[in-house]
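Guided by the hints, dock chains B, C and D onto chain A, whose structure is given.
Residues per chain are reported as follows:
Number of protein chains: 4
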Amino acid sequence: MSRFQIEYFSTALQRPTVFDMLIPNDLAPWQVSEYSSRPTRTLFLLHGYSGKSGNWIPEGLPEKYNFAVVMPSAENSFYLNGEATGHNFQTLVGEEMVNFVRKTFSLAQSPEDTFIAGLSMGGFGALHTGLAYPDRFGKIGALSSALIVHEVAHMQPGGGNGVANYAYYHSCFGDLETVEERDVNPEVLARRLKASGAKIPEIYMACGTEDFLLENNRAMHRFLEAEGIPHQYHEGKGTHDMVFWHEHIAKIVEWMFA
Amino acid sequence: MSRFQIEYFSTALQRPTVFDMLIPNDLAPWQVSEYSSRPTRTLFLLHGYSGKSGNWIPEGLPEKYNFAVVMPSAENSFYLNGEATGHNFQTLVGEEMVNFVRKTFSLAQSPEDTFIAGLSMGGFGALHTGLAYPDRFGKIGALSSALIVHEVAHMQPGGGNGVANYAYYHSCFGDLETVEERDVNPEVLARRLKASGAKIPEIYMACGTEDFLLENNRAMHRFLEAEGIPHQYHEGKGTHDMVFWHEHIAKIVEWMFA
Amino acid sequence: MSRFQIEYFSTALQRPTVFDMLIPNDLAPWQVSEYSSRPTRTLFLLHGYSGKSGNWIPEGLPEKYNFAVVMPSAENSFYLNGEATGHNFQTLVGEEMVNFVRKTFSLAQSPEDTFIAGLSMGGFGALHTGLAYPDRFGKIGALSSALIVHEVAHMQPGGGNGVANYAYYHSCFGDLETVEERDVNPEVLARRLKASGAKIPEIYMACGTEDFLLENNRAMHRFLEAEGIPHQYHEGKGTHDMVFWHEHIAKIVEWMFA
Amino acid sequence: MSRFQIEYFSTALQRPTVFDMLIPNDLAPWQVSEYSSRPTRTLFLLHGYSGKSGNWIPEGLPEKYNFAVVMPSAENSFYLNGEATGHNFQTLVGEEMVNFVRKTFSLAQSPEDTFIAGLSMGGFGALHTGLAYPDRFGKIGALSSALIVHEVAHMQPGGGNGVANYAYYHSCFGDLETVEERDVNPEVLARRLKASGAKIPEIYMACGTEDFLLENNRAMHRFLEAEGIPHQYHEGKGTHDMVFWHEHIAKIVEWMFA
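Residue numbers (my numbering), protein chains in the order written: chain A, -6 to 251; chain B, -6 to 251; chain C, -6 to 251; chain D, -6 to 251.
Hints are not guaranteed to be accurate.
Which copy? The list can't say, so a pair holds if one copy fits it or any two copies do.
Only pairs whose alpha carbons sit at most 30 angstroms apart, straight line, appear in this in silico DSS-like list of lysine-lysine [to be verified]:
{"hint": "1", "residue 1": "Lys187", "residue 2": "Lys57"}
{"hint": "2", "residue 1": "Lys244", "residue 2": "Lys230"}
{"hint": "3", "residue 1": "Lys187", "residue 2": "Lys244"}
{"hint": "4", "residue 1": "Lys230", "residue 2": "Lys192"}
{"hint": "5", "residue 1": "Lys96", "residue 2": "Lys230"}
{"hint": "6", "residue 1": "Lys57", "residue 2": "Lys96"}
{"hint": "7", "residue 1": "Lys230", "residue 2": "Lys57"}
Derived by calculation from the structure, the hints in this document are not laboratory data.
Chain A with its partners taken away, still in its complex shape (with noise of 0.2 angstroms):
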């Protein structure tokens, strides 16, 4: 498995961004498998609140399905677009890193070819950045998402959670009383591509049975369920660890890329 540490100077954040990839190019024969004659197909990968790149690698996955990985830096920014100069972790990952490994790197590039998944924040991020962007991720895979919108809703200057504080969640989703309204909240892309007509990426949600968001999981199951939104939910026994994503995570690779 080829390994890229890489920087470059994001646009979007107004300063160099580094991130990790993985490329299967450079597999011994015994590690060819019926996937390694299709052109490569990309994963983009997104870690947690308080994680980064690479610290969360889907081990032995990308040889077997013969896909690269590509894993942002979005620090603790929901993968969301603030109002700060500089702040546009939204198009930092959906669009500026898309066409930078776009244009250099030799992938497949149609949405067909191009996933996205995530665990907690990342899940969030995963559903947020593939409904914002259909035309480029063409499957969302969501694991114990951080579906915290109507959580953070009305919090007051001051306020906050166990978390982060009121000027945290401001700087990330924007004014809070209109949070639920607006493109910050994935329930408002998935209505509006809905409602439009346009193709809807294909979804996978998991969560643990024992994890502290699985009310927020369920909430969003039932959203999408109502809406008639086409979608996998799957739960199972688990908390909020890696035990549970490792799990996972295989899941969601072999439904996206066998």
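Quick look at chains B, C and D alone, frame taken from chain A:
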């Protein structure tokens, strides 16, 4: 010259941070100088706006004067603590990384052995961080410093300047109505140190005569003179670029370490 | 867990070398253990043939038992000094890197605090380096060790085996006619230490019952028994792969640091 | 300038190799030049003895002339295939990495778009690799080249020179009795290309008048003249150091890419 790329979990940022260090501990016999037998001192070297750790390396100087270089990545933060959870870049550089380096490496540790310098936004950072932690940094080198507190004061929501918008400046400096009176203003820190009779780090400022920040630097020079705070202030032919910085970081390093 | 990628100029290799380190010095409060207040010990962890620094990380263990991990890259050298200028990998690991780490980092430094372990070629390296420098390494952990001295002895020019050719083995081990009697043979080192009455590092060997190197490891076990050199020898279900090594490095680490 | 640190498993070396690349694909509008619209060409840039990938970067030039830089780490191998398994540095650079770059990146791929240059041992490597693969490299730039074949010829076991010993030279060049007649000698490659009527890469050599390798370079110049092989040969004030190399790599790059 040994080079270190270091990743650790930053409590100040609530996520991992990556920074670079240089330590001249692998010198060839012909590189040994009169300073090599002295305990190795440390220079915290701060990048400018749109830069990052390692973008700016004082080639040849650490070997010559026997000092380590710590190069934080402080994004576009002005090396300040903002209001949002995890936006604590002053704490990152002035407390957390100083402590990290002291507990991890065998380097000289007193303020007489620990200096700070930077360029542009990092010149601001060197002045601000050095004055905020006079018990940690014995000398400050400030090149072409982005002393913009008076410029951003009273900026209004929706406003901005050629570099960034109101939301950005607010995320770095906090309330822009009171910015001149709060600790984000290096003048406030300097005046307080003077009033308390505390030891003030030695200061060396330099700016190019063609630099767009020349007047800001002259104003700081006048302020320090008016307050009776000892410092060196130098102007030289040049503009806001690496030609000026390479020339003058060499002078600052000689002033610090010779 | 702090991660360090380090490059320095190696006199032993006559060129720069790059290696990785882990130091558990950024732990969250809930990661603190009974061992955290003890000075941080060090494990030199050696990769196998066709590996490199960082390919093999004992996840979770350094935090738990409070030890740093130094991961040299010794290429395919068998951790030995060859005859060619710059082919000094025994010196690299056993002298140069031990000295580099001791002078650079604030870690416990006595042989009681400095251990060495490896797998396959690195198991050979751990035994050989540990026995070559008993004043530096207090404990040796050797997994599935490539104890091949008797196999390559008397190999002829033009010859080879399934892994590599005569010229390769000659570059690592020197004259293959005399290889069994020279210091590249761990048995020679062990016997000499025993004869001199010097302190011999504690030894823990393990090998899988399906491993193609099982007989080589059993032979070393019998040799140590015959010489009356104290050691632990364990066999377990498994073959020459990461499943076995993850299971047994955990046991070695517990034996070393608990 | 985007920077890539890349690790892949090298079949030529039988272990992972790490190398650096630069690609000017993140330029600001003011960095765009007349060459930016041309497909991005590639320069393989070879380090000298005791160097490694990235030690030597042609700052500012890739942006200006729109070319990628591939910087192999070839250790102290003289970019040759030795006899030992995994000691195949000619294959590494001239075949494996060319193929890796071509299949991985979206860069111009013809020999008219792929050039090779180096300094000292890397100057030797550029001449040798370029002449060994004339169907891959259209132009060769050779700075202060370590053209030492005639010096090491007939060196005896136990012998050596100020740089390294017999065993080292044997590991790089093979049998030193026949070294002048074998393909490790760039003259042999040049003469064969000439005889076969094959296309010979364009050659640009430069050496400082104070360089200890001056006579070696003059001898190669005379050889090429005597063989009627077109080339440029330049001498300039300077010695075997970065001052000379920075000045003359700029001239070579202009000759290659302007």
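Now the hints, each set against the structure:
1. For the identical chains of this complex, Lys187 and Lys57 are neighbours neither inside a copy (34 angstroms) nor across copies (47 angstroms), given an alpha-carbon limit of 30 angstroms.
2. Taking identical chains as interchangeable, the C-alpha atoms of Lys244 and Lys230 lie at most 30 angstroms apart whether they share a chain (14 angstroms) or sit on different chains (29 angstroms).
3. In this homomeric assembly, Lys187 and Lys244 come within 30 angstroms of each other (Cα to Cα) only inside a single copy, at 26 angstroms, whereas the closest approach across copies is 55 angstroms.
4. Taking CA atoms no more than 30 angstroms apart as the test, Lys230 paired with Lys192 passes in neither setting, with 32 angstroms inside one copy and 52 angstroms between copies.
5. In this assembly of identical chains, the alpha carbons of Lys96 and Lys230 never lie at most 30 angstroms apart, being 41 angstroms within a copy and 41 angstroms across copies at closest.
6. Proximity of Lys57 and Lys96 under a CA criterion of 30 angstroms is satisfied in both settings, with 25 angstroms inside one chain copy and 19 angstroms between copies.
7. In this homomeric assembly, Lys230 and Lys57 come within 30 angstroms of each other (Cα to Cα) both inside a single copy, at 26 angstroms, and across copies, at 26 angstroms.
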